[in-house]
Amino acid sequence: MRPGRAAVVLLVLLALSAGPLWAQAAAPAPASSDVSHLTARLAQLEQQTADARSAGDNAWMLVSAALVLMMTGPGLALFYGGLVRKKNVLATMMQSFALMAVITVVWGIIGYSLCFHTGNSFIGGTGYSFLHGVGPAPNPDYAPTIPQQTFMVYQLMFAIITPGLITGSIAERARFSAIMLFMVLWSLLVYSPMAHMVWGAGGLLNSSGGRFPTLDFAGGTVVHITSGVSALVAALYFGKRVGYPKQPMPPHSVVLSFIGACLLWVGWFGFNAGSALAASGLATSAFVATHFAAASAAIGWAGAEWIRNGKPSVLGAISGAVAGLVAITPASGFVGPMSALIIGLIAGVVCYLMVATVKAKFGYDDSLDAFGVHGAGGTIGAILTGVFATSKVNPVFANGAPVGMLDGNAGQVLNQLVGVAIAWVLAIVGSLVILKIADLVIGVRVSPEEEVEGLDVSQHGEEGYNLEAQ
Amino acid sequence: MTKIEAIIQTSRFDSVKDALKEAGIEGMTVTEVRGLGRQKGHTEVYRGREYSMDLLPKTKVELVVPDRLVDTAVEAILKSARTGKIGDGKIFLSKIDEVIRIRNEERGENAL
Numbered sequence: 001m002r003p004g005r006a007a008v009v010l011l012v013l014l015a016l017s018a019g020p021l022w023a024q025a026a027a028p029a030p031a032s033s034d035v036s037h038l039t040a041r042l043a044q045l046e047q048q049t050a051d052a053r054s055a056g057d058n059a060w061m062l063v064s065a066a067l068v069l070m071m072t073g074p075g076l077a078l079f080y081g082g083l084v085r086k087k088n089v090l091a092t093m094m095q096s097f098a099l100m101a102v103i104t105v106v107w108g109i110i111g112y113s114l115c116f117h118t119g120n121s122f123i124g125g126t127g128y129s130f131l132h133g134v135g136p137a138p139n140p141d142y143a144p145t146i147p148q149q150t151f152m153v154y155q156l157m158f159a160i161i162t163p164g165l166i167t168g169s170i171a172e173r174a175r176f177s178a179i180m181l182f183m184v185l186w187s188l189l190v191y192s193p194m195a196h197m198v199w200g201a202g203g204l205l206n207s208s209g210g211r212f213p214t215l216d217f218a219g220g221t222v223v224h225i226t227s228g229v230s231a232l233v234a235a236l237y238f239g240k241r242v243g244y245p246k247q248p249m250p251p252h253s254v255v256l257s258f259i260g261a262c263l264l265w266v267g268w269f270g271f272n273a274g275s276a277l278a279a280s281g282l283a284t285s286a287f288v289a290t291h292f293a294a295a296s297a298a299i300g301w302a303g304a305e306w307i308r309n310g311k312p313s314v315l316g317a318i319s320g321a322v323a324g325l326v327a328i329t330p331a332s333g334f335v336g337p338m339s340a341l342i343i344g345l346i347a348g349v350v351c352y353l354m355v356a357t358v359k360a361k362f363g364y365d366d367s368l369d370a371f372g373v374h375g376a377g378g379t380i381g382a383i384l385t386g387v388f389a390t391s392k393v394n395p396v397f398a399n400g401a402p403v404g405m406l407d408g409n410a411g412q413v414l415n416q417l418v419g420v421a422i423a424w425v426l427a428i429v430g431s432l433v434i435l436k437i438a439d440l441v442i443g444v445r446v447s448p449e450e451e452v453e454g455l456d457v458s459q460h461g462e463e464g465y466n467l468e469a470q
Numbered sequence: 001m002t003k004i005e006a007i008i009q010t011s012r013f014d015s016v017k018d019a020l021k022e023a024g025i026e027g028m029t030v031t032e033v034r035g036l037g038r039q040k041g042h043t044e045v046y047r048g049r050e051y052s053m054d055l056l057p058k059t060k061v062e063l064v065v066p067d068r069l070v071d072t073a074v075e076a077i078l079k080s081a082r083t084g085k086i087g088d089g090k091i092f093l094s095k096i097d098e099v100i101r102i103r104n105e106e107r108g109e110n111a112l
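Protein chains in written order, with my numbering: chain F, 1 to 470; chain W, 1 to 112.
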């Protein structure tokens, strides 16, 4: 724009903005009109502030939802896909990916409603089935500043990854159709009640108003204990892979697992910090705690390995980071960074011992250590949340009452144990029943021939690596 | 004509190739192979489980030369492939009855 024309435009703008001033000066309004004008203006400002806050919160929550989806695909798919043998890489990745599709449908039809509609202490009602009434208006029970639809889609990503974690324990031997049936039923009969009890309005374990207020910021009990313990049950039900433990079954690509684990680490910021359900200081606190726990757990696992085997392995370091992320999940919105370091370190070392010694001792074939990492890490995290939670980070109880044991509320550890116990029992009983059903209807395990041939070919008619194809 | 099959340390392949070229031998077939011999494998540990990896990667070089060049070629491989440690590999020699060039059906040493 030439300087001359810019000056003209500026003058016109000035003249326009000055208009209302002249009008006011010309006709001074009476006092009562002044007040009502001010009230209207205040209301308008309040609305604008609320809108601005909502815009910020909604932006963060949509990003968080996308980050949590990224944890399943490609995060978990790569992490698990690299750990299996070459002949099973696609089938393993497909088990994660298919859940992104299947659980989404289930969630829309009834899953969200069973988790979050008002129901009884154990399970939600059916009022939100087919997402009826789930629109742009916020649901003040959960997240008063974002559209309920944002909350719904954010929670969906949790419902997707949770059954995905189970697939690790039965990798390399599950029939695809049966596993999908299992996952749909599991999502409705195990995940939904647990999510409702812990997070749903009126839930038995809800931290504000439940019978046993259990602290679970982002899903230590709901996500990791339920999936980890169900993984153990499934591993025992399925039995060992053909040739296990005599035949060597090393990971076919720690490189894929490495990329997957790094994506999980990043995605976990959406998982934990997003669980603040707002772009708030609490989200920052959860973000920081998450990061610190992952760091110390990577050091813990790789360090324990270094001491025992003489070498710190890459797989150990990344597995440790995941174990730390699991353990900090329930605690992330209740503890400071130094507590997070301690929680991570404990989880890293304990989960290492779980997979390196406990599994060998009992001889179960938890192929990719879904129980060793998620079951054990989730349980440790849920209990330690009761120890380290503090009202300084999150005054979750009324009047800033002490939250965790170190805060002066030793009873919280007991509440945490109740939550842990319920999650374990629900996972064991629910998974056994569902496994039996899926086994009777379809048959959960492939034939030994199909297993030896590999699931990529036997289940999907494809191979992961056709490197010689021209 | 003699076929020379040399199974060598993968890390020595480039110098073997150069040495053969210097000795005037052009053309060879190279394969990545895995084998088991006096050189013991190593252990790998994944999440506390130990796996002994006894099949080790090696490189196999195959070439067919006129009999007068056999000693030169073997000498070149011996010198360039040796590190002095267990696992340096082996050379196998065998007689070849006939060679035929596919393009023009030349036979014998002319086809080499």
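Quick caveat, the hints were computed from the structure, so don't treat them as lab data. Treat each hint with caution, since some may be false.
Derived CB-CB ranges, DEER-like [what the hints assert, rightly or not]:
(1) F/411 to W/53: 50 to 58 Å
(2) F/310 to W/84: 46 to 54 Å
(3) W/43 to F/429: 37 to 45 Å
(4) F/467 to W/70: 55 to 63 Å
(5) F/310 to W/100: 39 to 47 Å
(6) W/52 to F/429: 24 to 32 Å
(7) W/33 to F/363: 51 to 59 Å
(8) F/462 to W/84: 26 to 34 Å
(9) F/441 to W/43: 41 to 49 Å
(10) W/43 to F/53: 26 to 34 Å
(11) F/363 to W/97: 23 to 31 Å
(12) F/310 to W/33: 50 to 58 Å
(13) F/447 to W/52: 47 to 55 Å
(14) W/40 to F/447: 31 to 39 Å
Every beta carbon over 10 Å from chain W, so not counted as near; a handful from chain F, in silico [what the hints assert, rightly or not]:
(15) 204
(16) 315
(17) 319
(18) 355
Where a beta carbon is used, it is the ideal one built from N, C-alpha and C, also for glycine.
Each hint, compared with the structure:
1. F/411 to W/53: 50 to 58 Å: Between residue 411 of chain F and residue 53 of chain W, where Cβ atoms are some 53 Å apart, the hint holds.
2. F/310 to W/84: 46 to 54 Å: Since the Cβ atoms of residue 310 of chain F and residue 84 of chain W sit about 27 Å apart, the hinted range of 46 to 54 Å is violated.
3. W/43 to F/429: 37 to 45 Å: 41 Å Cβ-Cβ, so the 37 to 45 Å window holds.
4. F/467 to W/70: 55 to 63 Å: Since residue 467 of chain F and residue 70 of chain W have Cβ atoms about 36 Å apart, the given range 55 to 63 Å is violated.
5. F/310 to W/100: 39 to 47 Å: Hint violated: Cβ distance 56 Å, outside 39 to 47 Å.
6. W/52 to F/429: 24 to 32 Å: At 41 Å between Cβs, range violated.
7. W/33 to F/363: 51 to 59 Å: violated (36 Å)
8. F/462 to W/84: 26 to 34 Å: violated (47 Å)
9. F/441 to W/43: 41 to 49 Å: holds (44 Å)
10. W/43 to F/53: 26 to 34 Å: For residue 53 of chain F against residue 43 of chain W, whose Cβ atoms are near 58 Å apart, the range 26 to 34 Å is violated.
11. F/363 to W/97: 23 to 31 Å: For residue 97 of chain W against residue 363 of chain F, whose Cβ atoms are near 57 Å apart, the range 23 to 31 Å is violated.
12. F/310 to W/33: 50 to 58 Å: Between residue 310 of chain F and residue 33 of chain W, where Cβ atoms are some 30 Å apart, the hint is violated.
13. F/447 to W/52: 47 to 55 Å: violated (30 Å)
14. W/40 to F/447: 31 to 39 Å: holds (37 Å)
15. 204: holds (36 Å)
16. 315: Residue 315 of chain F not clear of chain W: closest Cβ-Cβ about 6 Å, inside 10 Å.
17. 319: Non-interface label on residue 319 of chain F violated, nearest chain W Cβ at 7 Å vs cutoff 10 Å.
18. 355: violated (5 Å)
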